[in-house]
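K.L.:
Starting from the given sequences, assemble the full structure and let the hints guide the process.
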Amino acid sequence: MESLNTLGKKFYHALKSIDIAQEKDARKREKAEKIHVVGAGGTITAAYEQLRNAAENAEEHLLLQKAIRRFYKRAFLTQQEKDIETSADELVTELTFAGYIANDSVPEYLLRSLNKLAKQYYAVYLYIQSDNKLSNLSVDAWVFDVLAVNVGVLFRDRLLQEGCAQFAFEYFKSALDDKEIFDEKPSDYDTSLFVAIHRELLKSDPALIRSALLKSYAISPDNMEQFCQTNQNIDTVMTSKNADVLARVVSRQGAPLRVLFRMIESQEDFSKLLLHQKRFLGAFESQIENEYKSISQRINRGVVKSIIFLIITKVLIGIAVEIPYDYLLHGTIIWLPLAVNLLFPPVYMALLRSTLTLPPNANTIRLVRQAQNILFEDKKETKLYRRKKQFGNTYNILYVLFIMAVFAGVSWLLVTYAKFEWIHLVIFFVFLSGASFLGFRLSRMIREVESIDSEQNGATIVRDFLYMPFVVVGQKISETYAQLNLVAMVLDMVIELPLKTVLRLIRQWSHFISAKKDQL
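Heads up, the sequence shown is in our numbering, so the first residue is 27 and it goes up one at a time.
Keep in mind that a hint or two might mislead.
[As the list claims (entries may be wrong)] In silico BS3-like cross-links for lysine-lysine, where the CA-CA straight-line distance does not exceed 25 Å:
no. : residue 1 : residue 2
1   : K36       : K298
2   : K54       : K241
3   : K142      : K60
4   : K36       : K57
5   : K199      : K35
6   : K142      : K99
7   : K298      : K35
8   : K57       : K142
9   : K159      : K145
10  : K199      : K36
11  : K199      : K159
12  : K142      : K92
I should point out that these hints are in silico values taken from the structure, not numbers from a laboratory.
P.N.:
Now the structure itself:
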């Protein structure tokens with residue numbers, strides 16, 4: 027371990043402590059009595075969950091948390107305090123049937139912790155509901171989000187993620203010069219950096235970030251006034267410009283840490299590797315190559331899924347909107363606009379894939395060198411971040427005019443040569459913008475492991491020049507959909523609420539009948 031620098035040694039000891047804690051917890055769980063789930067509704071619950079997750083469009087590691095959140099939102103809606111305080115059994119049953127946790131894997135002693143959390147946060151829920159100054163958005167974020175994370179941790183601990191976040195925080199705290207990023211260091215600099223690291227390196231959603239901050243401040247929901255005041259402060263930081271600025275810095279400089287964190291997940295003997303610099307750096311280089319292969323496969327899968335999504339959605343829109351519109355105004359189907367709207371976005375998506383290339387070998391060399399610097403060398407690279415040239419309002423005005431010119435030019439071409447009408451244009455731009463944003467998100471996978479500026483050629487310059495306006499619009503559409511998500515709202519209220527209620531009543535009746543049989 028002599029070759030590790032101070033930060034590397036601290037990280038090594040943190041990982042060893044995490045291993046010991048996880049092994050201790052595993053032994054405790056192994057000896058405990060487990061909950062065995064039986065009853066009606068397993069198949070239909072699992073099938074519904076697949077449908078609901080498709081509408082959620084969330085990262086895979088967040089799906090359990092989202093399911094727990096929906097469970098407690100339904101439970102609190104009934105305002106049956108006795109049922110809420112004894113809801114742990116039903117939660118375990120539902121999560122087991124949905125496939126989030128394995129049967130006979132949850133120790134019985136966890137039920138007390140689950141019921142205690144439900145009782146605590148239901149009290150906060152009632153407190154916020156009684157305060158006219160606090161909105162329903164506060165209930166969602168402060169109660170359901172935090173409760174879901176804290177419950178989820180009881181099923182799957184986040185010790186490793188917390189350790190990685192702390193390591194990244196200490197690294198960036200020492201490697202970044204706040205004067206290079208801000209004219210004057212903000213008072214919330216440390217908290218904003220913490221938020222940025224979670225957001226960009228760990229893919230944490232606002233619920234995970236909020237819960238991590240509350241834990242770091244040792245804030246308990248039992249002290250409701252302090253709990254609400256701290257959450258208000260967290261709201262301010264999470265929506266601040268400072269957090270956004272630092273998120274961009276962390277994202278751009280975080281490639282070696284992303285590879286490192288994924289290496290920890292895939293290497294069982296990671297701690298031992300840290301003790302041998304040459305072996306570690308060789309394994310780190312292999313991990314980079316594996317990341318390249320994984321990214322290429324994920325991009326290909328993403329393109330295929332996006333094309334299927336675009337085709338299916340476009341067919342539905344065509345049947346529901348375009349065809350009725352054509353019949354209503356023209357008495358017949360206008361085939362050319364219909365065909366262009368159906369075929370162009372998928373073809374465009376496939377063409378975008380051809381412009382996405384993996385980083386060159388120079389990037390691999392740079393990443394290995396950065397890992398060596400972070401973990402093994404005491405002398406740090408100078409100025410991890412340099413402030414980029416600032417562009418004035420003239421550039422922003424020209425950019426807006428450029429976006430308008432691109433949309434106007436494409437509209438003129440479609441109206442002149444493809445006989446498009448306003449409804450066809452709206453659908454075309456919505457789908458083209460959606461496809462552009464999907465392609466842009468796929469390109470971010472490559473960007474996440476880039477430590478050097480990506481090479482620009484004629485194809486990529488033309489691509490960026492033409493598709494950036496559509497990416498901007500596509501991002502706005504995506505953000506609006508994520509906020510509203512009408513499909514998810516309909517599923518929750520029209521299907522999930524009655525379905526889960528009926529299944530719960532059936533299971534309760536089944537338990538009652540079983541108890542009566544035992545009495546005979």
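K.L.:
For each hint, tell me whether it holds in the structure or not.
P.N.:
Verification of the hints:
The straight-line distance between the Cα atoms of K36 and K298 is roughly 14 Å, inside the 25 Å bound, and the hint therefore holds. Proposed proximity of K54 and K241 is supported: the alpha carbons are some 24 Å apart, at most 25 Å. Restraint check for K142 and K60: satisfied, since their Cα atoms lie roughly 19 Å apart, inside the 25 Å limit. With a C-alpha separation of about 32 Å, the suggested pair K36 and K57 falls outside the 25 Å cut-off, and the hint is violated.
A threshold of 25 Å between alpha carbons decides the hint, and for K199 with K35 the separation of about 17 Å falls inside it, so the pair holds. Among the hinted pairs, K142 with K99 is consistent with the structure: their alpha-carbon atoms are about 16 Å apart, no more than 25 Å. Annotation: proposed proximity of K298 to K35 holds, straight-line Cα distance about 12 Å (limit 25 Å). In summary, the hint linking K57 to K142 is supported, as the alpha carbons are separated by about 23 Å, within the 25 Å threshold.
Our distance criterion of 25 Å between C-alpha atoms is met by K159 and K145, whose separation comes to about 23 Å. For the given pair, K199 sits about 15 Å from K36 by alpha-carbon distance, which is consistent with the 25 Å threshold. For a cut-off of 25 Å, the pair hint linking K199 to K159 is broken: about 37 Å separates their Cα positions. Straight-line distance between C-alpha atoms of K142 and K92 comes to about 20 Å, which keeps the hinted pair within the 25 Å bound.
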